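S.K.: In the order they appear, the protein sequences are chains A and B.
In this text, residue positions in the first sequence follow our numbering: the first is 1, and each later residue adds one.
In this text, residue positions in the second sequence follow our numbering: the first is 1, and each later residue adds one.
Simulated from the structure, these hints should not be mistaken for laboratory data.
Given the structure is predicted, the values throughout are model-derived calculations rather than measurements.
Heads up, some of the hints might be wrong.
As the list claims (entries may be wrong) - Listed next, with one range per pair, are the computed distances between beta-carbon atoms:
#1 B:Asn95 / A:Leu607: 35 to 45 Å
#2 B:Asn90 / A:Val577: 41 to 51 Å
#3 A:Val577 / B:Ile35: 46 to 56 Å
#4 A:Ile609 / B:Ile19: 13 to 23 Å
#5 A:Lys575 / B:Leu14: 51 to 61 Å
#6 B:Asn95 / A:Leu587: 23 to 33 Å
#7 A:Leu607 / B:Lys27: 18 to 28 Å
As the list claims (entries may be wrong) - Cut-off 35 Å, straight-line C-alpha distance, at most; resulting in silico cross-link-like pairs (DSBU-like, lysine-lysine):
#8 B:Lys53 / A:Lys586
#9 A:Lys157 / A:Lys59
#10 A:Lys586 / B:Lys103
Note that the Cβ used here is the ideal one computed from N, Cα and C, for glycine as well.
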Amino acid sequence: MMENAWIIPLFPLLSFLFLIVFGKRLRAVSAYIGIFLTFASFIISLLVLIARFGSPTYKAEGIWLTIGDYQLTAGYEVNQLNALMLVIVSLVSFLVHMYSKGYMHGDGRISVFYAYLGLFTFAMLGLVLSPNLLQTYIFWELVGLGSFLLIGFYFYKEEAKAAAKKAFIMTRIGDVGLFIGMILLFWQVGSFEYDEIFAAVSAGMISEQMITLIALLIFIGAVGKSGQFPLHTWLPDAMEGPTPVSALIHAATMVAAGVYLVASMFPLFAASETAMMTIAIIGAFTAIFAASIGIVQKDIKRVLAYSTVSQLGFMMLALGSAGYVAGVFHLMTHAFFKALLFLAAGSVIHAVHTQDIEKMGGLWKKLRVTGPLFLIGTLAISGVPLLSGFFSKDEILVSTWVHGHTFLFWLAVVAAFFTAFYMFRLFFMVFTGEARGKTANVKESPGVMVIPMLILAVLAIGAGYVNTPWFGTFLGDWLTEGNQALGHGHVEGPAWIMVVATAVSLLGILLAWLMYGKKTIARDWFSAGVPTVYGILANKYYIDEFYKMTIVKGTTAFSRILHFIEVIVVEGIMKMVAGIISGLSKLGSRFQSGQVQTYGTVAFLGLAILVIFFAVTGGYLK
Amino acid sequence: MSTVPISAYLTLALVLFCIGLFGALTKRNTVIVLISIELMLNAVNINLVAFSKLGMAPSIDGQVFALFAIAVAAAEAAVGLAILIALYRNRKSVNIDEFNTLKN
Numbered sequence: 001m002m003e004n005a006w007i008i009p010l011f012p013l014l015s016f017l018f019l020i021v022f023g024k025r026l027r028a029v030s031a032y033i034g035i036f037l038t039f040a041s042f043i044i045s046l047l048v049l050i051a052r053f054g055s056p057t058y059k060a061e062g063i064w065l066t067i068g069d070y071q072l073t074a075g076y077e078v079n080q081l082n083a084l085m086l087v088i089v090s091l092v093s094f095l096v097h098m099y100s101k102g103y104m105h106g107d108g109r110i111s112v113f114y115a116y117l118g119l120f121t122f123a124m125l126g127l128v129l130s131p132n133l134l135q136t137y138i139f140w141e142l143v144g145l146g147s148f149l150l151i152g153f154y155f156y157k158e159e160a161k162a163a164a165k166k167a168f169i170m171t172r173i174g175d176v177g178l179f180i181g182m183i184l185l186f187w188q189v190g191s192f193e194y195d196e197i198f199a200a201v202s203a204g205m206i207s208e209q210m211i212t213l214i215a216l217l218i219f220i221g222a223v224g225k226s227g228q229f230p231l232h233t234w235l236p237d238a239m240e241g242p243t244p245v246s247a248l249i250h251a252a253t254m255v256a257a258g259v260y261l262v263a264s265m266f267p268l269f270a271a272s273e274t275a276m277m278t279i280a281i282i283g284a285f286t287a288i289f290a291a292s293i294g295i296v297q298k299d300i301k302r303v304l305a306y307s308t309v310s311q312l313g314f315m316m317l318a319l320g321s322a323g324y325v326a327g328v329f330h331l332m333t334h335a336f337f338k339a340l341l342f343l344a345a346g347s348v349i350h351a352v353h354t355q356d357i358e359k360m361g362g363l364w365k366k367l368r369v370t371g372p373l374f375l376i377g378t379l380a381i382s383g384v385p386l387l388s389g390f391f392s393k394d395e396i397l398v399s400t401w402v403h404g405h406t407f408l409f410w411l412a413v414v415a416a417f418f419t420a421f422y423m424f425r426l427f428f429m430v431f432t433g434e435a436r437g438k439t440a441n442v443k444e445s446p447g448v449m450v451i452p453m454l455i456l457a458v459l460a461i462g463a464g465y466v467n468t469p470w471f472g473t474f475l476g477d478w479l480t481e482g483n484q485a486l487g488h489g490h491v492e493g494p495a496w497i498m499v500v501a502t503a504v505s506l507l508g509i510l511l512a513w514l515m516y517g518k519k520t521i522a523r524d525w526f527s528a529g530v531p532t533v534y535g536i537l538a539n540k541y542y543i544d545e546f547y548k549m550t551i552v553k554g555t556t557a558f559s560r561i562l563h564f565i566e567v568i569v570v571e572g573i574m575k576m577v578a579g580i581i582s583g584l585s586k587l588g589s590r591f592q593s594g595q596v597q598t599y600g601t602v603a604f605l606g607l608a609i610l611v612i613f614f615a616v617t618g619g620y621l622k
Numbered sequence: 001m002s003t004v005p006i007s008a009y010l011t012l013a014l015v016l017f018c019i020g021l022f023g024a025l026t027k028r029n030t031v032i033v034l035i036s037i038e039l040m041l042n043a044v045n046i047n048l049v050a051f052s053k054l055g056m057a058p059s060i061d062g063q064v065f066a067l068f069a070i071a072v073a074a075a076e077a078a079v080g081l082a083i084l085i086a087l088y089r090n091r092k093s094v095n096i097d098e099f100n101t102l103k104n
């Protein structure tokens with residue numbers, strides 16, 4: 001089955017091409033085509049994953065270009081991580097396709113929407129299958145394009161346009177780092193192949209400093225794509241896109257690309273202590289930083305967006321703490337519960353037509369299905385025992401502790417507390433208490449939207465059991481099978497970590513319940529008590545403003561200078577040349593007055609000059 | 001009889017030619033310009049006749065050419081005047097400054 005893996009990305013590509021050409025005529029039928037083709041992708045991905053359990057890594061490559069002695073190859077590879085990612089991406093994509101059928105119902109550009117979804121899914125699946133860095137980079141950029149198109153889908157909204165541009169430009173900044181890292185790596189190793197790169201690294205062919213430099217540059221790419229600090233600001237803004245897009249791109253796939261990149265190049269990163277430390281610090285900082293912003297946001301999707309940023313920080317922290325399995329495991333569970341949360345949020349938005357949680361409330365009784373599903377997602381992300389998020393977060397905390405990052409460990413614990421708090425704040429604000437907005441004709445979403453959520457809810461509960469300290473670490477053992485560089489399948493940690501993790505998440509839930517559920521504690525004790533801190537949090541640490549003041553202003557000033565040079569120097573020279581020519585021609589045109597007598601005079605003078613000249617020289621020119 | 005030297009004839013012709021040239025280049029009235037041109041032609045005729053009588057190889061050819069030139073000049077003057085009349089009908093003027101259509 002694995003030799004047929006190349007066909008997986010082709011289904012969504014086919015969907016994209018077909019819908020671009022025939023979409024206008026098909027209209028609503030386009031949805032079925034998109035759903036069917038991604039379903040086919042998912043089935044094959046599943047078969048590939050099953051086949052991968054029983055057989056070794058499969059890799060097929062052909063020569064793409066020959067440049068001098070060097071041959072660029074292109075192909076596909078199915079290793080453990082790829083096979084797992086294929087299933088996650090195609091499953092979430094399929095469910096989002098299905099969900100969009102209901103959510104985007106009645107939208108005039110639904111065929112375009114499905115076409116873009118197809119393009120994006122194609123790019124992501126292609127990225128996952130790539131066996132070399134160059135191919136990864138190509139799909140990496142295609143993923144960026146897909147997200148740009150989808151975020152800007154409501155292009156008639158100024159915010160959406162700005163958000164799409166912002167996402168594209170911010171991720172491009174990271175991509176430059178990745179590109180330079182890639183070139184350096186090629187210069188050092190002479191190949192883009194992952195296998196050869198890792199072989200060169202383990203053989204010590206590259207100097208320590210060079211590895212650190214390359215690893216950090218590649219990590220910058222991951223920072224851009226995965227919304228890590230300081231390139232995270234595009235991700236919350238990207239919520240301007242349709243909600244299913246948020247679920248697909250900004251929860252499960254695209255932002256996971258950065259984590260995936262770090263994971264798939266893990267042996268390279270693991271060779272540099274500095275790079276690992278940087279990743280861990282950035283990850284932990286992002287986790288707590290984004291979580292603290294998430295506490296005060298008032299837009300349902302923005303809370304989820306900051307929670308995504310924070311969870312991606314957890315994954316990076318795990319990878320940076322040599323917790324390869326923990327990072328990938330959390331990537332998987334997060335994909336499921338975050339997609340579930342986004343789809344449920346979309347269902348809420350679909351029902352109440354607002355994203356402001358201040359205008360929601362008391363929806364539990366109205367949304368009989370969405371409510372419990374949202375609760376499952378919330379419990380999972382908060383790390384409540386027995387749900388998937390609990391196991392993966394525990395794994396991350398254990399990895400961090402065992403690796404010796406004590407301070408980062410406690411940061412992560414606090415971030416976990418924040419996570420539980422803001423997620424339940426969101427839940428209580430939306431689903432309990434009095435209805436604060438117009439909720440008269442709130443209706444549950446149609447079945448086509450509910451079914452994907454149900455599937456994701458099952459996974460959000462159950463996906464954790466593939467890797468638990470109690471029943472066996474199947475996922476971890478399988479992921480690290482036959483590859484020493486990835487570390488051990490299971491990291492043994494002290495038992496109290498699990499207790500602490502459970503305690504902080506329950507504490508967060510309790511605090512949220514007291515403030516927003518039971519209202520024993522006044523809602524504004526924090527915002528009224530320390531308004532400065534609240535203001536900073538509500539304004540997202542003024543990062544956007546800071547960028548506007550420094551980078552945007554700086555670039556604008558620089559462009560002004562260039563504009564000045566352009567106008568004065570370049571155009572000045574050009575205008576001078578043109579002026580001389582036109583002045584000369586004006587002078588010449590004076591002679592052509594139409595006055596026959598003037599012509600006669602000139603002709604006669606000319607003759608006279610000639611005669612005098614020849615008289616003086618004697619008729620000979622020297 | 002032959003006391004008048006050739007240089008006198010040539011000087012007369014030069015003077016006449018210069019007067020004609022000056023008139024042709026400066027006068028505003030087109031009729032005067034035409035007359036000035038006749039003057040220049042006749043200066044040439046004087047040269048021709050002078051050389052046919054007093055030149056290095058005297059011959060009757062010069063005088064014949066002078067006659068030809070007079071005939072051609074008459075025809076030319078007729079054509080010139082005809083053009084002038086046509087112009088005058090168009091422009092209601094004989095002022096040469098106004099005839100500047102060569103510019104375009």
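S.K.: Could you run down the list of hints and mark each one as holding or not?
M.R.: To see whether the hints hold, each was checked on the structure:
no.	hint	verdict
1	B:Asn95 / A:Leu607: 35 to 45 Å	27 Å, violated
2	B:Asn90 / A:Val577: 41 to 51 Å	44 Å, holds
3	A:Val577 / B:Ile35: 46 to 56 Å	50 Å, holds
4	A:Ile609 / B:Ile19: 13 to 23 Å	22 Å, holds
5	A:Lys575 / B:Leu14: 51 to 61 Å	53 Å, holds
6	B:Asn95 / A:Leu587: 23 to 33 Å	27 Å, holds
7	A:Leu607 / B:Lys27: 18 to 28 Å	20 Å, holds
8	B:Lys53 / A:Lys586	52 Å, violated
9	A:Lys157 / A:Lys59	45 Å, violated
10	A:Lys586 / B:Lys103	14 Å, holds
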